[in-house]
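Protein sequences appear in the order of chains A and B. Just add 7 to the spot in the first sequence (first one is 1) and you have our numbering. Just add 1164 to the spot in the second sequence (first one is 1) and you have our numbering.
Keep in mind the hints are simulated off the structure, nothing from the lab. Be aware that one or more of the hints could be misleading.
Said to hold, decoys possible - Chain B regions said to be covered by chain A (calculated; three or more residues, Cβ under 8 Å):
#1 1327 to 1341
#2 1384 to 1398
Stated by the list, open to error - Quick list of in silico lysine-lysine cross-link-like pairs, DSS-like style, CA-CA up to 30 Å:
#3 A:Lys82 / B:Lys1300
#4 A:Lys80 / B:Lys1184
#5 B:Lys1300 / A:Lys80
#6 B:Lys1184 / A:Lys82
#7 A:Lys49 / B:Lys1243
#8 A:Lys131 / A:Lys49
#9 A:Lys34 / A:Lys80
#10 A:Lys81 / B:Lys1243
#11 A:Lys13 / B:Lys1219
#12 B:Lys1219 / A:Lys80
#13 B:Lys1300 / A:Lys81
#14 B:Lys1377 / B:Lys1223
#15 A:Lys82 / A:Lys29
#16 A:Lys113 / B:Lys1318
#17 A:Lys122 / A:Lys82
#18 B:Lys1486 / B:Lys1395
#19 B:Lys1377 / A:Lys49
#20 B:Lys1318 / A:Lys109
#21 A:Lys49 / B:Lys1219
#22 B:Lys1321 / A:Lys81
#23 B:Lys1223 / A:Lys81
#24 A:Lys82 / B:Lys1219
#25 B:Lys1486 / A:Lys80
#26 A:Lys81 / A:Lys13
#27 A:Lys13 / A:Lys82
#28 B:Lys1223 / B:Lys1395
#29 A:Lys113 / B:Lys1321
#30 B:Lys1280 / B:Lys1252
#31 B:Lys1483 / B:Lys1377
#32 A:Lys135 / A:Lys80
#33 B:Lys1490 / B:Lys1321
#34 B:Lys1184 / A:Lys55
#35 A:Lys81 / A:Lys109
#36 B:Lys1219 / A:Lys81
#37 B:Lys1280 / B:Lys1243
Glycine residues also receive a C-beta, built at the ideal position from the N, C-alpha and C atoms.
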Amino acid sequence: MSKQYKMLIIDDSQVILGTYNKFFSKKNYLVTTATNGLDGLKQIESEKEGFDVVITDIVMPNISGVGIIAIVKKKYPDTPVIAITGWGEHPEILALEASADKVLEKPIDLIELDKIVVDLIEKKKNKKADSE
Amino acid sequence: MGPPIIGISKEIERINDLIKHVADTGLNIVISGETGVGKEVVAQNLYQNSPRLGKPFVKVNCAALPEGLLESELYGYEKGAFTGAEQKKRGKFELANGGVLFLDEIGDMPLLLQSKLLHVLQSGEFAPLGSEKELKTDTWLIAATNHNLELEIKERKFREDLFYRLNIIKIHVPPLRERPEDIPHLIDYYITIYTSKFNNKHMLKPGSGVLQKLAKYHWPGNVRELQNVLKRVLVLGGWDEIIDELFISTPSPESPAAVDPLSLKSMASFGGGLLRRDDIQLDSFSLKEIRRQAVDRIEKEAISYILEKTGWNRSKASKILKISYKTLLYKIQDLNIQSTME
Ligand SMILES: Nc1ncnc2c1ncn2[C@@H]1O[C@H](COP(=O)(O)OP(=O)(O)OP(=O)(O)O)[C@@H](O)[C@H]1O
Ligand SMILES: [Mg+2]
């Protein structure tokens, strides 16, 4: 069995979190969820080796997705972060400025999202191998 | 600098928790909440918990200055930038470099200056008025507002792109009436402070009956109003009178702003005293003069009343009174209005 990748998903909608969780858990990811930026940040702080991938909503209570991206990228520059923006919100530029690896717009095609995740994790591994 | 954020409600605990986790990020923050809830205290606590402690904490009130002055206050100017610019002046952005720039009442910033601020945030640079050279800025921006910025965006009074750029982290401080469990703790804290400040004058802690009433009161001026109540208790030596006052003379809970001028207790004294003086100088006696004095007097009472009700929040008071902020400041000085509390 291949290694389980650690995935953090932050979104203030329980429904969306539930859907993602179900989908990715079946795909052999170890999924952690949080319903707002602060709880997400606490998960990041307590995961000593870091997550393999972070997926975050943008508009959320307390710490926004843009804040989460900036914090993750400062601490773990190599960790892929995918930002998801809701209907009618336009802070994509901010997410990209904060170095999100990918910005997607709702509604999300989970199969597509999975491909992107696999791709980004591959890239990270290759990059790591190159530098060693 | 600021006091700790006192309170045991889950809202206050959450805010303290959030502060600890984000104080070292330097990410832009917007603090929202009604007047007197403690927005500035939150900003101070963020600063005190950050690596920027010891560097400048510079505050600018965006509601207090007209557009032109606010612009030169923020960005400074070169000598000769405009008539009257006789000396180079450094702006708050420059003074706050390395530290915190606290933009209070950001919702009142004129649209043109919002555009300029957006540009500064995008580029990380600004130029003082009349200067060709752009200066780099490394300031942690913390903004506060008692407006609903989302609503102001819909009404096109606030730029959406600026909002997103500022609102990387948002902290909402709920009104005191929604967290009455904090009231006894705030009272304990401020009783200790005031008794030591006012020569250890003895101050009675409220009994459980009084506390129950305080918990039911709607606190339109929030913690600042609670402070004022405590100072009155200190002066009067007891709680009863003040509790009665709170429940008699307050505007309706739904709209603290909708004060019916006719219900002002003070209006009962309308005109009283002006003519009942023995020292009337007949040569200076005129209806015009009487009118002027009467108007002054009524204005003074009405303005004082609203100021007390809003916990001396001048911006809010000016809105209730429907006069400009500047006019209010002028009247406070001209009519020699003083807080009975300070
Ligand atoms: N939780 C708290 N603990 C201790 N002191 C508090 C607390 N909240 C507010 N205060 C005090 O109440 C007063 C008003 O607070 P502050 O000036 O921060 O309010 P504000 O939200 O900025 O109001 P405004 O919108 O009118 O500017 C200050 O003296 C502040 O120290
Ligand atoms: Mg304030």
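Hints, verified against the model:
1. Check on the stretch 1327 to 1341 of chain B: 7 of its residues sit with their Cβ under 8 Å from a Cβ of chain A, so the three-residue criterion for coverage holds.
2. Coverage of the stretch 1384 to 1398 of chain B by chain A is violated [criterion: at least 3 residues with CB-CB distance below 8 Å; count 0].
3. With a C-alpha separation of about 25 Å, the suggested pair Lys82 (chain A) and Lys1300 (chain B) falls inside the 30 Å cut-off, and the hint holds.
4. With a C-alpha separation of about 19 Å, the suggested pairing of Lys80 (chain A) with Lys1184 (chain B) holds against the 30 Å cut-off.
5. The suggested pairing of Lys1300 (chain B) with Lys80 (chain A) holds, with an alpha-carbon distance near 23 Å, which does not exceed 30 Å.
6. With a C-alpha separation of about 17 Å, the suggested pair Lys1184 (chain B) and Lys82 (chain A) falls inside the 30 Å cut-off, and the hint holds.
7. A hinted pair counts as satisfied when its Cα atoms are at most 30 Å apart, and Lys49 (chain A) with Lys1243 (chain B) does not qualify at roughly 50 Å.
8. A C-alpha spacing of about 23 Å is found between Lys131 (chain A) and Lys49 (chain A), which places the hinted pair at or below 30 Å, so the restraint holds.
9. As the CA atoms of Lys34 (chain A) and Lys80 (chain A) are separated by approximately 25 Å, the hinted pair is consistent with the 30 Å bound.
10. Between the alpha carbons of Lys81 (chain A) and Lys1243 (chain B) the distance comes to roughly 41 Å, so the proposed pair goes past 30 Å and is violated.
11. Restraint check for Lys13 (chain A) and Lys1219 (chain B): the C-alpha separation of about 39 Å exceeds 30 Å, so the hint is violated.
12. For the given pair, Lys1219 (chain B) sits about 26 Å from Lys80 (chain A) by alpha-carbon distance, which is consistent with the 30 Å threshold.
13. A hinted pair counts as satisfied when its Cα atoms are at most 30 Å apart, and Lys1300 (chain B) with Lys81 (chain A) qualifies at roughly 21 Å.
14. Taking the CA atoms of Lys1377 (chain B) and Lys1223 (chain B), the gap is near 36 Å; set against the 30 Å cutoff, the hint is violated.
15. Note on Lys82 (chain A) and Lys29 (chain A): the hinted pairing holds, with a Cα-Cα distance of about 28 Å set against a maximum of 30 Å.
16. Annotation: proposed proximity of Lys113 (chain A) to Lys1318 (chain B) holds, straight-line Cα distance about 22 Å (limit 30 Å).
17. Between Lys122 (chain A) and Lys82 (chain A) the CA atoms are separated by roughly 25 Å; this keeps the pair inside 30 Å, and the hint holds.
18. Simply put, Lys1486 (chain B) and Lys1395 (chain B) have alpha-carbon atoms about 28 Å apart, close enough for the 30 Å limit, and the pair holds.
19. Our distance criterion of 30 Å between C-alpha atoms is broken by Lys1377 (chain B) and Lys49 (chain A), whose separation comes to about 39 Å.
20. For the proposed pair Lys1318 (chain B) and Lys109 (chain A), the alpha carbon gap of about 29 Å is at most 30 Å, so the pair holds.
21. Pair hint Lys49 (chain A) plus Lys1219 (chain B) holds up; C-alpha atoms about 28 Å apart against a cutoff of 30 Å.
22. Proximity of Lys1321 (chain B) to Lys81 (chain A) is assessed by CA-CA distance (about 34 Å); at most 30 Å being required, the pair is judged violated.
23. Between Lys1223 (chain B) and Lys81 (chain A), the direct Cα distance comes to roughly 28 Å. Compliance with the 30 Å bound is thereby established for this hinted pair.
24. Between Lys82 (chain A) and Lys1219 (chain B) the CA atoms are separated by roughly 24 Å; this keeps the pair inside 30 Å, and the hint holds.
25. Proposed proximity of Lys1486 (chain B) and Lys80 (chain A) is contradicted: the alpha carbons are some 48 Å apart, above 30 Å.
26. At roughly 19 Å between alpha-carbon atoms, Lys81 (chain A) and Lys13 (chain A) fall within 30 Å of each other, so this suggested pair holds.
27. Annotation: proposed proximity of Lys13 (chain A) to Lys82 (chain A) holds, straight-line Cα distance about 16 Å (limit 30 Å).
28. Simply put, Lys1223 (chain B) and Lys1395 (chain B) have alpha-carbon atoms about 26 Å apart, close enough for the 30 Å limit, and the pair holds.
29. Between the alpha carbons of Lys113 (chain A) and Lys1321 (chain B) the distance comes to roughly 28 Å, so the proposed pair stays at or under 30 Å and holds.
30. For the hint linking Lys1280 (chain B) to Lys1252 (chain B), the alpha-carbon distance of about 20 Å falls within 30 Å, and the restraint holds.
31. A hinted pair counts as satisfied when its Cα atoms are at most 30 Å apart, and Lys1483 (chain B) with Lys1377 (chain B) qualifies at roughly 29 Å.
32. A threshold of 30 Å between alpha carbons decides the hint, and for Lys135 (chain A) with Lys80 (chain A) the separation of about 16 Å falls inside it, so the pair holds.
33. A threshold of 30 Å between alpha carbons decides the hint, and for Lys1490 (chain B) with Lys1321 (chain B) the separation of about 20 Å falls inside it, so the pair holds.
34. About 19 Å separates the Cα atoms of Lys1184 (chain B) and Lys55 (chain A), which keeps this hinted pair within 30 Å; it holds.
35. In summary, the hint linking Lys81 (chain A) to Lys109 (chain A) is supported, as the alpha carbons are separated by about 17 Å, within the 30 Å threshold.
36. Restraint check for Lys1219 (chain B) and Lys81 (chain A): the C-alpha separation of about 22 Å stays at or below 30 Å, so the hint holds.
37. For the hint linking Lys1280 (chain B) to Lys1243 (chain B), the alpha-carbon distance of about 21 Å falls within 30 Å, and the restraint holds.
Checked against the numbered hints given earlier, this structure breaks hints 2, 7, 10, 11, 14, 19, 22 and 25; the rest are met.
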